[in-house]
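Chemist: My request is simple: use the sequences and hints to build the entire structure.
Residue numbers for the sequence shown follow our numbering, beginning at 4 and rising by one.
Source of the hints: derived by calculation from the structure; they are not laboratory data.
One or more of the hints may lead you astray.
To be verified - For each label pair, taking beta carbons as the anchor points, the in silico distance ranges come out as: (1) K9 / Q185: 54 to 62 Å; (2) K9 / K48: 29 to 37 Å; (3) S138 / M38: 26 to 34 Å; (4) Q159 / K131: 44 to 52 Å.
Stated by the list, open to error - Below, in silico cross-link-like pairs of lysine to aspartate or glutamate (EDC-like), each with a Cα-Cα straight-line distance of 16 Å or less: (5) K9 / E51; (6) K131 / E181; (7) K18 / E78; (8) K178 / D128; (9) K48 / E156; (10) K131 / E78; (11) K12 / D91; (12) K33 / E78; (13) K48 / E29; (14) K66 / E29; (15) K153 / E165; (16) K70 / D128; (17) K34 / E13; (18) K178 / E156; (19) K52 / D91; (20) K18 / E51; (21) K82 / E13; (22) K177 / D134; (23) K34 / E78; (24) K169 / E156; (25) K70 / D55; (26) K12 / E72; (27) K180 / E165; (28) K153 / E78; (29) K9 / E29; (30) K70 / D15; (31) K66 / D24; (32) K63 / E78; (33) K34 / D15; (34) K180 / D134; (35) K12 / E51.
All of these numbers come straight from a predicted model, not from anything done at the bench.
By construction, the Cβ of each residue, glycine as well, lies at the ideal position given by its N, Cα and C atoms.
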Amino acid sequence: MPFFKKTYKESDLIKGCTHNDRRFQEILYKKYFGMSMSIIMYHVKNEEKALDIVNQGFLKVFKNIHKVENPQSLEYWIKTIMMRTRADYFRSNKRYLEAIILSEDDTLNHGYENTSALDNLYYQDIIKMLDHLPSASAQVFQLYAIDGLKHSEIAQTLNISEGTSKWHLSNARKKLKELLEQQYNNQKDAG
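Modeler: As structure tokens, this is what we get:
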């Protein structure tokens with residue numbers, strides 16, 4: 004039976020990958036690629052960016068696979084690596100989102116700068132805030148700020164005018180600022 008046609012147990016995959024065997028790495032990659040892409044694409048709608056994050060995740064998997072103690076937990080372990088890699092990507096791109104949400108002269112009440120409040124938030128927290136926006140505004144914000152589309156592309160994708168796209172982005176920014184203000188006040192009251 005050809006090498007790639009054979010079904011391997013997780014323990015075999017772990018052992019082969021631990022020994023840096025490219026064949027086993029390829030089998031593991033193919034086996035868990037779909038699951039990994041779905042985890043990343045849940046928040047990163049751009050397929051090219053998602054693929055880059057998945058590949059970064061698999062580099063971590065191959066580098067650390069020797070740490071897997073229970074072969075039955077391999078899938079869960081890979082899911083965890085992918086979620087952490089996605090979170091790392093979000094954190095590294097947090098400043099980009101901040102720039103989209105806030106202009107340089109924006110400040111929260113009490114003279115507190117928005118970027119300081121945002122320092123206490125992870126990118127994922129900002130993404131979760133999108134659930135509290137009107138769906139059309141959240142969708143435009145996602146396409147513009149996260150997927151990197153221009154207003155003309157968003158207009159074509161959503162079958163709306165560029166002006167409507169710009170309005171939804173402005174609306175999303177306004178509501179996100181309100182949510183950031185609320186988050187800051189909650190942190191201030193708790194501290």
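Chemist: Each hint should be assessed against the structure and marked as holding or not.
Modeler: Quick rundown of the hints versus the structure:
The given range of 54 to 62 Å is respected by K9 and Q185, whose C-beta atoms sit roughly 56 Å from each other. Roughly 36 Å separates the CB atoms of K9 and K48, a value that falls within the hinted 29 to 37 Å. Between S138 and M38 the beta carbons are some 27 Å apart, a value that agrees with the proposed interval 26 to 34 Å. At roughly 28 Å, the beta carbons of Q159 and K131 sit outside the given window of 44 to 52 Å.
Restraint check: the Cα-Cα separation between K9 and E51 comes to about 31 Å, which exceeds 16 Å; the hinted pair is violated. With a C-alpha separation of about 14 Å, the suggested pair K131 and E181 falls inside the 16 Å cut-off, and the hint holds. Pair hint K18 plus E78 holds up; C-alpha atoms about 15 Å apart against a cutoff of 16 Å. The straight-line distance between the Cα atoms of K178 and D128 is roughly 14 Å, inside the 16 Å bound, and the hint therefore holds.
Of the pairs offered as hints, the one joining K48 and E156 holds, with about 14 Å between alpha carbons and a cut-off of 16 Å not exceeded. For the suggested pair K131 and E78, the alpha carbons sit about 25 Å apart, so the restraint of at most 16 Å is broken. With a C-alpha separation of about 30 Å, the suggested pairing of K12 with D91 is violated against the 16 Å cut-off. Annotation: proposed proximity of K33 to E78 holds, straight-line Cα distance about 13 Å (limit 16 Å).
Between K48 and E29, the direct Cα distance comes to roughly 25 Å. Violation of the 16 Å bound is thereby established for this hinted pair. Restraint check for K66 and E29: the C-alpha separation of about 14 Å stays at or below 16 Å, so the hint holds. Distance restraint check for K153 and E165: the Cα-Cα separation of roughly 9 Å lies within the 16 Å cut-off, and the hinted pair is therefore satisfied. Restraint check: the Cα-Cα separation between K70 and D128 comes to about 30 Å, which exceeds 16 Å; the hinted pair is violated.
For the proposed pair K34 and E13, the alpha carbon gap of about 11 Å is at most 16 Å, so the pair holds. Distance check on the hinted pair: K178 and E156 sit about 23 Å apart at the alpha-carbon level, beyond 16 Å; violated. In summary, the hint linking K52 to D91 is supported, as the alpha carbons are separated by about 13 Å, within the 16 Å threshold. Taken as a hint, the K18 and E51 pair is broken in the structure, with Cα atoms around 30 Å apart against an allowance of 16 Å.
Using a Cα cut-off of 16 Å, the hinted pair K82 and E13 holds, with the two alpha carbons roughly 15 Å apart. Distance restraint check for K177 and D134: the Cα-Cα separation of roughly 14 Å lies within the 16 Å cut-off, and the hinted pair is therefore satisfied. Distance check on the hinted pair: K34 and E78 sit about 10 Å apart at the alpha-carbon level, within 16 Å; holds. A C-alpha spacing of about 12 Å is found between K169 and E156, which places the hinted pair at or below 16 Å, so the restraint holds.
Between the alpha carbons of K70 and D55 the distance comes to roughly 24 Å, so the proposed pair goes past 16 Å and is violated. The straight-line distance between the Cα atoms of K12 and E72 is roughly 14 Å, inside the 16 Å bound, and the hint therefore holds. For the given pair, K180 sits about 23 Å from E165 by alpha-carbon distance, which is inconsistent with the 16 Å threshold. Proximity of K153 to E78 is assessed by CA-CA distance (about 37 Å); at most 16 Å being required, the pair is judged violated.
Between K9 and E29 the CA atoms are separated by roughly 13 Å; this keeps the pair inside 16 Å, and the hint holds. At most 16 Å may separate the alpha-carbon atoms for a hinted pair to count; K70 and D15 meet this at roughly 14 Å. Straight-line distance between C-alpha atoms of K66 and D24 comes to about 12 Å, which keeps the hinted pair within the 16 Å bound. Of the supplied pair hints, the one linking K63 and E78 holds, its CA atoms being roughly 14 Å apart against a limit of 16 Å.
With a C-alpha separation of about 13 Å, the suggested pair K34 and D15 falls inside the 16 Å cut-off, and the hint holds. At most 16 Å may separate the alpha-carbon atoms for a hinted pair to count; K180 and D134 meet this at roughly 14 Å. Among the hinted pairs, K12 with E51 is inconsistent with the structure: their alpha-carbon atoms are about 31 Å apart, more than 16 Å.
When the structure is compared with the earlier hints, violations turn up for hints 4, 5, 10, 11, 13, 16, 18, 20, 25, 27, 28 and 35 and for no others.
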